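If you read the sequences in order, they're chains Y and W.
Our numbering numbers the first residue of the first sequence as 48 and each following residue consecutively.
Our numbering numbers the first residue of the second sequence as 160 and each following residue consecutively.
Read the hints as simulated data drawn from the structure, not as lab findings.
Being a predicted model, the structure only gives us computed values, none of them experimental.
Misleading hints may appear alongside valid ones.
Here are the simulated distance ranges between beta carbons [claimed, not checked]:
id : chain 1 : residue 1 : chain 2 : residue 2 : range
1  : Y       : Ala138    : W       : Arg378    : 56 to 64 Å
2  : Y       : Gly285    : W       : Ala185    : 50 to 58 Å
3  : Y       : Gly204    : W       : Ala169    : 19 to 27 Å
4  : W       : Arg181    : Y       : Met286    : 52 to 60 Å
5  : Y       : Met286    : W       : Asp334    : 34 to 42 Å
6  : W       : Glu281    : Y       : Pro53     : 34 to 42 Å
7  : Y       : Pro53     : W       : Glu288    : 33 to 41 Å
8  : W       : Arg378    : Y       : Val151    : 25 to 33 Å
9  : W       : Glu281    : Y       : Met286    : 26 to 34 Å
10 : Y       : Gly204    : W       : Thr347    : 27 to 35 Å
11 : Y       : Val151    : W       : Asp226    : 27 to 35 Å
12 : Y       : Gly285    : W       : Ala169    : 47 to 55 Å
13 : W       : Gly265    : Y       : Val151    : 49 to 57 Å
Every residue, glycine too, gets a C-beta built ideally from N, C-alpha and C.
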Amino acid sequence: MKSGSPLASFLNGVAMFLILWLAAAALINRPILPSPLTVLPLFGRLFLAELGLHFLASAGRVLAAILLAVATAVPAGLALGQMPALNRLFAPLIAIVYPIPKIVLLPVIYVLMGITDLSKIFLIALIIFFPIMVVVRDEAAGLHHDLLMSVRSLGAGRRALFRYVYLPASLPAVLTALRVSIGTAVAVLFIAEQSLTTYGLGYYIVVETYQVLLYPQMYAGILGMSLLGLLLYFAVYGMERRINRHRHLEKGPAS
Amino acid sequence: MIDVRAITFAYRDQPSLFETFRLTIARGEILAVIGPSGCGKTTLLYLLAGLYRPGRGAIHIDGRPLDRPRPETGLILQDHGLLPWATVAANAALGLKIRRFYGPDGKHTPRDFEIDPGLVEEKVTYWLERLGLAALRNQFPGQLSRGQRQRTAIARTMTLDPDILLMDEPFSALDAPTSERLQQLVLTLKRESDLTTVIVTHRIEEAVRMGDRILVLARETNRTPRLVENPCSVLANPSDDPDFSRQCTNIRALLEELT
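Chain W extracted, bound-state conformation (with noise of 0.2 Å):
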């Protein structure tokens, strides 16, 4: 599904994060990327976005190299990802409404999207119900929790019937129950579409607990990718499992190596 061809990557000025990077993974998998800040966790998440050009290399996405965002990945941002002037409503049918902005031009919005008005307002009402936000559509995100505008962001995302979800600390500065609430929301979208999700996150038990494999980046120059199977992800209630702890302490162990 992505395929990361010897990728590299750096800032004007400054080393390269990535450099002739390899990466692969496959439909419906779940990629957990950790590592110490500054690693290149979010540039990778831009880089698979398209938003971001590799210096060299290319990225495929289903055999087509990738050179600009693609209508079908979606991609969540930590904060600051709704409009704050919209309402819950407004900013879920974003998404939707730039598609009919441009029309189905394969460009912006895929080839074979139906322009039909009561589309928009269908697809809105279906997510924000689906995801608990039917009685908050008309407020504005400054008036929401932080759930609740992670939420939000996740609706926008799904109207757009993405078949790529990109997440950049997705569940970091939610409160421990919220956050787990929002996992298994996760899990529960990514089984019903099969979606290929790739999760960036700095806690390890929260790697652990989503990742089919988790991958380690390291501040300096990111050559080969140090990736983790991970059998702990299907397991229901992994907090009181001995093979999850063991697992957090791997994942502990081979983050201070790199530190």
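Chain Y with its partners taken away, still in its complex shape (with noise of 0.2 Å):
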């Protein structure tokens, strides 16, 4: 099953996507797409000054958002799962807002929160609540029922329970979910910081360089919004690897 290690791969792929890339600016041939060779080093000069700072306050508020969001989205997922009547109650609510794309709420939001950071982070987390919480509740709910028992019967009571199952358990399922909904939280970022913020990627993409026509600077504030998207994409694949040990290991001989 292996063809090459991930790495080469990764390589390969940033190879393709920049002699595309050179390949368009030369067709186009118009300010609008700057070619890779302007583009790159200066978005190593940018980053190493203002434009680091940009990136550093959209990751923050990201990995805000994917915290608050995990923190709240998990105990509610493992309590929907372990209580049936309850998710009886909650389960066609929960169906009819999960669909719903929670930007629509950005302005409601704003007017109720005000235009702060807090605010941001809280639509951002409210997007990758709904996955969260809808696969910790249903790996909560799928656990074979012999498995509580047998670890019920090792002396766990619910706090043990919690550590030693349905937190293992739900793990997985939590980081693919993040990895999926990360395209749309940094998505959501990328809009909710147009709006009088002084620092973020989005703010900087928008308003102080497209705006200004500055248009080799805002592909570097496109290629760190997209580095934004890749790291958290990247990181979470790691740990889900990680963590997935035992679901891509051969069976040993049988005895």
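Dock the two chains into a complex; use the hints.
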């Protein structure tokens, strides 16, 4: 099943991407699409200065939102998964609310919470919250009765069951849900950062560069945002691989 | 040791499985429980483990009423009892880790339990070696054969120094030689630690081979226990013995009478 190392495959992807970008820039030949040969050195320079601060501001918001979402969605999912009556009560509501694109609530949240960092973080957390809660609920509800019984027979009460069974059982699903929703989270961050802030990649791309026609700088910002999404994605993916070790192993010899 | 005092138990909206059911099990005894599926064999085991509560009546162990799982009782289920994401060693250590998690509170963990981090590793290593699992300690349950998984579950229970062992169909999914080796192992462990053992099975030969007494359950409500004394269990190689076959025929007749 192995086809080269993940790093080689990653570098391959980057090389192909850059070649396509170069070709497109040469073909279109307009200021709106500068060549990577212009953008990449500029990105390096800017990232060590001002752009780096915008990057940090954005990264901080996404991480805070992820933390907030996980810290609320996991207990909620566990509660729903362990209490069928509670789940039956809330399932119809969740089914309706889950598919609503939460970004439409942006104006409401801004009015209610003010245009602050907190409201931006809240909006992103809201988007990540539902997929995580739903997978944790399903994992908790799907645990085998015998497994729970035998761990309880070892002396585990509610707290130990949570620590040794429910948490490790739902962690892989939490990470998968997180990885899948990171794209949306960064996209929403981009939109949320366009209003009334002074630091953040969304602000940098739209207000500081695009609106004043600094296209190469704008591309440096776009690269920064892409890098943010990429780093988050691969960080979560790496964690997933580590804890899912038991799913990728071959069967040993029988005895 | 185990005193079942007139218990009644029914699942919601279903006829009672047990009604004023009484049973005593002596220390060091092996009781084999046999009966058709749906007769309440496994339910009885969960009741003895303190995982289910009887509707009426009570179960006393060593004179004390059982109202929650008792830390000295080991329960081994047919399958699905191991954490799929943890290695053999981590699974075997789970019971001890849970004890350390709570500390000696007398409720989840016996009061005299010593919390020594070195002890966990030492005990796990001892039991893995004892049960022939040392080479598999870093494997995951999904990589093991059923027999190896069953031995891992036994190791996990034995690390806790149990005095009661409850087993649900522990050998039924195994091939004959593996199943016989494991039966022998359980008999050895039982002799060594004077374990009171309850083995649920649907195989007549297994019941006759293992049980000091055999409890036959019926699919309708069980009131008075049908207990068969079984001198055959002490025989070294019971399969050639005419008494063994006679006892099997006996139990089979009793089971057919009930269904």
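Results for each hint:
Between Ala138/Y and Arg378/W the beta carbon distance is about 36 Å. The supplied range of 56 to 64 Å is therefore violated. Between Gly285/Y and Ala185/W the Cβ separation comes to about 56 Å, which falls inside the hinted range of 50 to 58 Å. At about 26 Å, the beta-carbon gap between Gly204/Y and Ala169/W stays in the expected band of 19 to 27 Å. Judged by the Cβ atoms, the range 52 to 60 Å given for Arg181/W and Met286/Y holds: they are separated by roughly 54 Å.
Range check, Met286/Y to Asp334/W: Cβ separation about 39 Å, and the 34 to 42 Å hint holds. In this structure the hint that Glu281/W and Pro53/Y lie 34 to 42 Å apart at CB holds, the actual value being about 39 Å. For Pro53/Y and Glu288/W, the hinted distance range of 33 to 41 Å is satisfied, since their beta carbons lie about 38 Å from each other. In this structure, Arg378/W and Val151/Y break the distance hint of 25 to 33 Å, their C-beta atoms being roughly 58 Å apart.
Between Glu281/W and Met286/Y the C-beta distance comes to about 32 Å, which sits within the given range of 26 to 34 Å. Taking 27 to 35 Å as the suggested C-beta distance range, the pair Gly204/Y and Thr347/W conforms, at roughly 33 Å. Distance hint for Val151/Y and Asp226/W: a CB-CB separation of about 53 Å, inconsistent with the stated range 27 to 35 Å. Range check, Gly285/Y to Ala169/W: about 51 Å between beta-carbon atoms, so the 47 to 55 Å window is met.
About 55 Å separates the C-beta atoms of Gly265/W and Val151/Y, a value consistent with the hinted range of 49 to 57 Å.
In summary, the numbered hints that this structure violates are 1, 8, 11.
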